[in-house]
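Participant: The residues making up each chain are set out below.
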Amino acid sequence: MSNVLIHAADAVTTSAGANNPVLNISIFAAFVVVTMVIVIRAGRNNKSANDFYAGGRSFTGGQNGMAIAGDYLSAASFLGITGAIALSGYDGFLYSIGFLVAWLVALLLVAELMRNTGKFTMADVLSFRLHQRPVRLAAAISTLVVCFFYLLAQMAGAGGLVSLLLGIPATDTLATSLVVAVVGVLMVIYVLVGGMKGTTWVQIIKAGLLIAGALIMTIWVLALNGFDLGTLLQRGQDAAASLEVPFDALKPGNKYGKNPIDFISLGMALVLGTAGLPHVLMRFYTVPTAKEARKSVVWAIWLIGAFYLFTLVLGFGALVLVGPATIAAAPGGPNSAAPLLAAALGGPILLGIVSAIAFATILAVVAGLTITAATSFAHDIYANVIKRGEVRPNAEVRIARITIVVIGALAIIGGIAVQGQNIAFLVALAFAVAASANLPTIIYSLYWRRFNTRGALWSMYGGLISSIVLIIFSPVVSGKADPTGALTLSMIKGVDFHWFPLDNPGIVSIPLAFLLGIIGTYSGGRKENSWIAAEMEVRSLTGHGAEKEVHH
Amino acid sequence: MSTEETEKGHHRIDYPAFEETPKYKELRKRQRGFVIPLLVAALAWYFLYVILATYASAWMATPVFGAVNIGLILGLLQFVTTFAITQWYVSYANRRLDPLATELRGELEAKQKAGAA
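Here the protein sequences line up with chains A and B, keeping their order.
Under the working numbering, the letters of the first sequence match residues 1 to 552, in that order.
Under the working numbering, the letters of the second sequence match residues 553 to 669, in that order.
Because the hints were derived from the structure by calculation, they are not lab data.
Glycine included, each C-beta is placed from N, C-alpha and C at the ideal position.
Hints should not be assumed to be uniformly reliable.
[Stated by the list, open to error] To be clear about the criterion: a stretch of chain A counts as covered by chain B if any three or more of its residues have a C-beta under 8 angstroms from a C-beta of chain B, and this derived list gives those stretches: (1) 50–57; (2) 101–111; (3) 134–142; (4) 243–252.
[Stated by the list, open to error] The calculated DMTMM-like cross-link candidates involving lysine to aspartate or glutamate, where the alpha carbons are at most 20 angstroms apart (straight line), are: (5) A/K295 / B/D650; (6) A/K291 / A/D496; (7) A/K548 / B/E571; (8) A/K548 / B/E578; (9) A/K255 / A/E244; (10) A/K291 / B/E572; (11) A/K291 / B/E661; (12) A/K548 / B/E572; (13) B/K665 / B/E578; (14) A/K291 / B/E655; (15) A/K291 / B/D566; (16) A/K548 / B/D650.
Let's have the full structure, built from the sequences with the hints guiding it.
Facilitator: Okay, here's the thing in structure tokens:
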């Protein structure tokens, strides 16, 4: 049995023989066709801005919870975490937990109050009681920056995945660029035609496929181990101990042990970043009430939590059945652990299905990011900052549609430029910026009455600039020459201008942004309109005057 | 409902005065009093776990039964506490927040109608 498995894994990595590109493409094409039909149907009722940006606010909590899971469980989660567990054991599991615990911030502090006070974007809430234009502009800029980094991460993942899927070497830039372009064009069509409603359905379908696929593989792996998690973990530990470079798969520290502060910094960015991710926040506007927003998060927490429990089994499954050496040598490196496990379990057909799911994952996530960025540009920057709110809703949606095409073009160009870059780093960067630039102002504007415009601007720009500057001067950009771990090398090779010792800026930039909000507020900014502040708080808690569902 | 109507409707309500009503104060106290301490506790528990995993990895690797060690149990407990806090909050919100919020929303809508008439 194990011989067959090793043979399957070998065949996948060494030749395109067992890995059937035609099959892989067919399964993915079927996903595209089915979702496209649904998107076209969903797009028929896209009449108003409420429809286009917020799906008519007509999704149920359960549907939206699925869509949130679809938005959140990106390729970095599915491929990245499975790979991290397969290659470094416990630390991959440790990494996954931050992504789950983070949802408590969204559930307890943010989701319902944002649904009650906002309309389409994060900036709606942040500028509610503060000086409109500067605060809205700052919030929109940070929304665009976070979405863009997140988008680049997905695009980098798409290129890496395809080299595995189609058996093309990652060095074939023409083929990977072509794939990035296909992803970009499909994403633009989905979002243009379907708006938020279509995008949401793509995410719901994708979440269903991803979670079902992971569940089936989890049961399969457990079945091979007598449905005993202890046996699987023991086998994983034994497999890791008998490697050429052995490690203890159940002991923390294989990946993050060298620099504990760095992991604490990453943990802060994950836990505090989620509730500041604009594409997650925007999903709360697609349901009719705050209660449904709460239900969405509850669904999302259970789905996401279950999924990360599956990845623990899948990661150890890949460690035992495929082996770290095979995974590290495969095109796509750690990201190939989940597809290789699928090949080892169910041969080319399961590999095709799992690879198509991973591809669908990328497509759904980029669609969600694109509609968020386009909404923020059209609604915040164009309609409210440039036109000062004097704009017909149709004109605003037209601008949003143009923005979608521009973002698609930028994503394709940027996506080609970042091929081969470390996906996990780009995602961690997006979380760090969201936690630094967005979360402090969200919390202050919902919970601290004295907070004013100057505090918001200092906190948002301070968080945004400090997190990006610290990244630029961190070892991930320059100066890290670690010959043992090819994937942790710096972005720019051959030069060293780093002075910040950590890979993730969160531990500095997040407290700094919180502090700047306080200093800015007390440094003599103008006093805000206390009437509107009272209105905002009353509305946030009671749901009075909240945006209503659209009935067709 | 268009935005203009909403704006007009709202400015007929004296929100600062409404904030001083006992029922509203009670809702605010219940919401703040529940979510803030609970979230602080949850985050403290998460960072305690992260610090143990990074600084006390040898202790975390202590086997408890079979291959299962302390680190694995604490990690799985993070899942358990996250799920438990989620359900606890849902039950609290259903019992203690939603009825009061619905009642206050009704009062505000009545005020708005009276103002518009």
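Participant: Work down the list of hints and note, for each, if the structure agrees.
Facilitator: Okay, the hints, checked on the actual structure:
1. 50–57: violated (count 0)
2. 101–111: holds (count 7)
3. 134–142: Our answer is that it is violated, as 0 residues pass the Cβ test (under 8 angstroms) against chain B, missing three.
4. 243–252: holds (count 4)
5. A/K295 / B/D650: Within the cut-off at roughly 13 angstroms; holds.
6. A/K291 / A/D496: With a Cα-Cα distance of about 51 angstroms, the restraint between A/K291 and A/D496 is violated, given a limit of 20 angstroms.
7. A/K548 / B/E571: Distance of about 23 angstroms is beyond 20 angstroms: violated.
8. A/K548 / B/E578: violated, 26 angstroms
9. A/K255 / A/E244: holds, 17 angstroms
10. A/K291 / B/E572: Violated - the C-alpha atoms of B/E572 and A/K291 are around 25 angstroms apart, more than 20 angstroms.
11. A/K291 / B/E661: Roughly 18 angstroms separates the two Cα atoms, so the pair holds.
12. A/K548 / B/E572: Distance of about 27 angstroms is beyond 20 angstroms: violated.
13. B/K665 / B/E578: violated, 25 angstroms
14. A/K291 / B/E655: It holds: about 15 angstroms lies between the C-alpha atoms, which stays within 20 angstroms.
15. A/K291 / B/D566: violated, 25 angstroms
16. A/K548 / B/D650: holds, 18 angstroms
When held up to the earlier numbered hints, the structure conflicts with 1, 3, 6, 7, 8, 10, 12, 13 and 15 and fits the remainder.
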